Amino acid sequence: MSAAAGGEGAVTYLAAIRRAMWDAMESDERVFMIGEDIGTYGGAFRVTQGFLERFGEERVIDTPISESAIVGAAIGAAMMGRRPVVEMQFIDFIACAFNQIVNFAAPNHYRWGPAVPMVVRGPCGGNVHGSAFHSQNPEGFFHRAPGLKIVAPATVADAYGLMRSAIDDLNPVLFFEHKYLYRRVKAELPENPAPVDIGKARIAREGKDLSVITYGAMLHVALEAAEILSGDGIELEVLDLRTLKPLDDEAILATVRKTNRVLVLNEEPRTGSLAGEVAARIAESAFEWLDGPVQRLTCLDTPVPYSPPMEAFYLPNVEKLVAQVRQLSSY
Amino acid sequence: MSKNFGPLHPKAQEESADRLAATSLGPEDQKRLYHFMTLTRRVEARLSNLYRQGKVVGGLYSGHGQEATSVGSAYALGPDDFMGPIIRNLGSMLVRGVQPREVMTQYMARGTSPTGGKDGNTHFGDLERGLVAPISMLGALIPVMAGVALAGRMEGKDWVALTYIGDGGTSTGDFHEGMNFAAVENLPLVVIAENNGYAYSTPTRKQMRCRDIVSKAVGYGIAGEIVDGNDVLAVYEATRRAVERGRQGGGPTLIESKTFRMKGHAEHDDAGYVPEELFEEWAAKDPIARFEKHLLSTELASQEELDGIAAEIEKSLDAEVDFALESPFPPAERALEGVFA
Numbered sequence: 001m002s003a004a005a006g007g008e009g010a011v012t013y014l015a016a017i018r019r020a021m022w023d024a025m026e027s028d029e030r031v032f033m034i035g036e037d038i039g040t041y042g043g044a045f046r047v048t049q050g051f052l053e054r055f056g057e058e059r060v061i062d063t064p065i066s067e068s069a070i071v072g073a074a075i076g077a078a079m080m081g082r083r084p085v086v087e088m089q090f091i092d093f094i095a096c097a098f099n100q101i102v103n104f105a106a107p108n109h110y111r112w113g114p115a116v117p118m119v120v121r122g123p124c125g126g127n128v129h130g131s132a133f134h135s136q137n138p139e140g141f142f143h144r145a146p147g148l149k150i151v152a153p154a155t156v157a158d159a160y161g162l163m164r165s166a167i168d169d170l171n172p173v174l175f176f177e178h179k180y181l182y183r184r185v186k187a188e189l190p191e192n193p194a195p196v197d198i199g200k201a202r203i204a205r206e207g208k209d210l211s212v213i214t215y216g217a218m219l220h221v222a223l224e225a226a227e228i229l230s231g232d233g234i235e236l237e238v239l240d241l242r243t244l245k246p247l248d249d250e251a252i253l254a255t256v257r258k259t260n261r262v263l264v265l266n267e268e269p270r271t272g273s274l275a276g277e278v279a280a281r282i283a284e285s286a287f288e289w290l291d292g293p294v295q296r297l298t299c300l301d302t303p304v305p306y307s308p309p310m311e312a313f314y315l316p317n318v319e320k321l322v323a324q325v326r327q328l329s330s331y
Numbered sequence: 332m333s334k335n336f337g338p339l340h341p342k343a344q345e346e347s348a349d350r351l352a353a354t355s356l357g358p359e360d361q362k363r364l365y366h367f368m369t370l371t372r373r374v375e376a377r378l379s380n381l382y383r384q385g386k387v388v389g390g391l392y393s394g395h396g397q398e399a400t401s402v403g404s405a406y407a408l409g410p411d412d413f414m415g416p417i418i419r420n421l422g423s424m425l426v427r428g429v430q431p432r433e434v435m436t437q438y439m440a441r442g443t444s445p446t447g448g449k450d451g452n453t454h455f456g457d458l459e460r461g462l463v464a465p466i467s468m469l470g471a472l473i474p475v476m477a478g479v480a481l482a483g484r485m486e487g488k489d490w491v492a493l494t495y496i497g498d499g500g501t502s503t504g505d506f507h508e509g510m511n512f513a514a515v516e517n518l519p520l521v522v523i524a525e526n527n528g529y530a531y532s533t534p535t536r537k538q539m540r541c542r543d544i545v546s547k548a549v550g551y552g553i554a555g556e557i558v559d560g561n562d563v564l565a566v567y568e569a570t571r572r573a574v575e576r577g578r579q580g581g582g583p584t585l586i587e588s589k590t591f592r593m594k595g596h597a598e599h600d601d602a603g604y605v606p607e608e609l610f611e612e613w614a615a616k617d618p619i620a621r622f623e624k625h626l627l628s629t630e631l632a633s634q635e636e637l638d639g640i641a642a643e644i645e646k647s648l649d650a651e652v653d654f655a656l657e658s659p660f661p662p663a664e665r666a667l668e669g670v671f672a
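Going down the list, the protein sequences come from chains P and F.
The first sequence runs contiguously to residue 331 in this note's numbering.
The second sequence runs contiguously to residue 672 in this note's numbering.
Read the hints as simulated data drawn from the structure, not as lab findings.
In this text, all values refer to a predicted model and were calculated from it rather than measured experimentally.
All C-beta atoms, glycine included, are put in the ideal place defined by N, C-alpha and C.
There could be a bad hint or two in this list.
[Claimed, not checked] A few chain P residues that face chain F, going by a derived Cβ cut-off under 8 Å, partial list only:
(1) SER68
(2) ALA69
(3) ALA115
(4) LEU170
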């Protein structure tokens with residue numbers, strides 16, 4: 001992951017998330033943290049290390065193993081004007097809180113008025129040999145739920161900026177942080193890092209020949225592939241979605257209309273993944289600009305396998321992407 | 332027949348047969364309780380008529396027979412407390428200040444309804460009046476109301492959160508998760524478990540093996556109490572004790588209210604699965620008739636006075652029904668508004 005290089009003052013992606021939450025806690029007393037083992041232990045990945053000492057147990061709440069209760073309590077507190085940030089120890093466990101998220105939090109404002117300004121965050125993603133229940137990207141289960149927002153940062157600046165915006169947002173926001181990036185991606189953060197608008201994609205690399213639309217850890221795969229393909233004379237444009245819900249249609253269509261070929265890359269099983277939704281929007285709204293089929297590169301339609309060669313076979317990677325781009329370029 | 336659900340403790344049963352619990356409430360409060368129980372039943376009767384006329388959109392869910400539990404418990408709350416009612420707690424909502432026209436316009440999906448037609452039946456709330464709207468997934472409100480109580484503690488307020496669950500809802504994971512979380516955090520949460528014999532068609536013995544729901548309180552290490560759910564004064568007193576306990580830092584309370592659902596799950600359900608003897612047994616314990624008898628025998632009210640309360644309610648409901656019937660449906664495009672806050 002060449003994008004992971006950082007200078008002397010560089011901080012990790014994990015540290016950026018941690019600092020965003022810390023700064024939010026410092027600047028707004030309504031913000032509090034709630035989750036399993038986040039207090040004394042500082043969280044399974046140490047994202048909340050030091051929070052208990054600084055902010056006390058009233059604002060850093062260690063809970064029983066009860067994801068639905070944690071999210072439910074966060075909803076109740078959010079409706080009353082507090083700003084809860086829920087940690088899912090691994091984002092896979094969010095399934096245990098599915099009902100509270102999709103049936104309570106998401107439609108609440110629409111149904112009867114009160115906003116639910118809540119963040120549910122947690123480590124997602126594979127390539128760490130965590131097997132089926134510690135490696136998933138569950139966005140596909142949630143991206144159809146009206147009223148939810150979903151963000152998935154790929155960089156240090158976005159990890160900080162999207163977290164600040166997520167905490168400030170009046171709506172329930174799911175924050176999928178990729179655990180493979182936690183300590184591998186580093187960059188400098190300015191003294192006063194900027195928030196990043198939810199709902200805005202970003203061109204991570206300009207190119208004219210083919211667009212790769214992606215997010216999260218796969219952004220770094222795309223950027224690495226772009227370097228290799230550049231040597232072949234293929235200039236990839238890489239669009240980092242950053243926000244998965246609501247999708248930045250304008251940015252998606254703009255890059256397709258510019259390069260006329262598009263591949264959607266993401267780390268979910270193929271069926272029902274966000275890649276399909278992005279592809280459908282392009283097919284509906286930019287068909288006449290296309291010089292080839294909208295293609296997807298996703299995980300396989302299996303649970304996340306454990307053994308390293310099997311997991312590598314399951315996940316998209318630079319080699320697969322380069323090969324598929326070459327094939328798509330020949331249209 | 333009462334083996335289908337946990338009977339009252341023998342002593343309570345004996346007492347409930349003729350007289351109601353001792354209470355600290357004076358005559359005016361007791362007449363208010365009578366007003367709200369009567370109002371609840373009359374609003375539901377009007378809705379039932381409207382349902383038969385095809386004016387109600389979707390289902391209609393009745394709390395007939397359970398008015399004492401709803402009204403008595405809600406009456407024990409202070410003005411700054413919060414309540415999350417579920418589908419059979421119309422009485423609780425009326426006590427909390429909900430107007431009959433809000434309920435009627437909701438059931439009839441009119442644009443003037445509290446949700447503007449976006450949701451139906453009693454699925455609405457109003458934080459100004461301390462009301463959190465329910466969702467249909469039972470149990471979900473318990474963690475949410477624990478969160479309401481948690482926020483109160485964070486804000487340095489002494490508000491209490493009260494919510495309800497049926498015997499069926501106590502089988503959900505959220506019931507357990509929410510009770511346990513409230514217990515370890517010592518939150519001022521009052522949960523009224525209405526054991527009304529049936530969850531849709533499923534008798535309580537198919538929900539749980541324990542005789543009394545309240546025995547679950549032991550597992551959470553919290554206070555628990557069984558109350559005769561058809562005795563409005565007993566429900567009021569038990570809830571008042573629980574509210575005070577919560578407010579004074581004593582943590583959550585689980586109150587089991589023994590009552591009975593006198594209709595089907597919803598208006599379309601004829602409850603053919605309920606033995607007729609059970610309806611007869613519980614009709615004899617009708618909470619409104621019992622309370623009426625109590626008010627008359629203690630001379631807190633005259634028959635004339637009680638008839639006057641009922642007549643006034645009926646007259647006011649004519650106008651409420653007319654308002655709802657005259658209200659237009661919302662414009663279709665309004666469906667697009669308000670997805671995000």
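Hint-by-hint comparison with the structure:
This hint holds: P/SER68 has a C-beta 5 Å from the nearest C-beta of chain F, less than the 8 Å allowed. Contact between P/ALA69 and chain F, as hinted, is supported at the beta carbon level, the nearest pair being about 4 Å apart and thus within 8 Å. Checking P/ALA115 against chain F by beta carbon gives a least distance of about 4 Å; that is within 8 Å, so the hint holds. The criterion of a C-beta within 8 Å of any C-beta in chain F is met by P/LEU170, whose closest approach is roughly 4 Å, and the hint holds.
No hint from the list above goes unmet by this structure.
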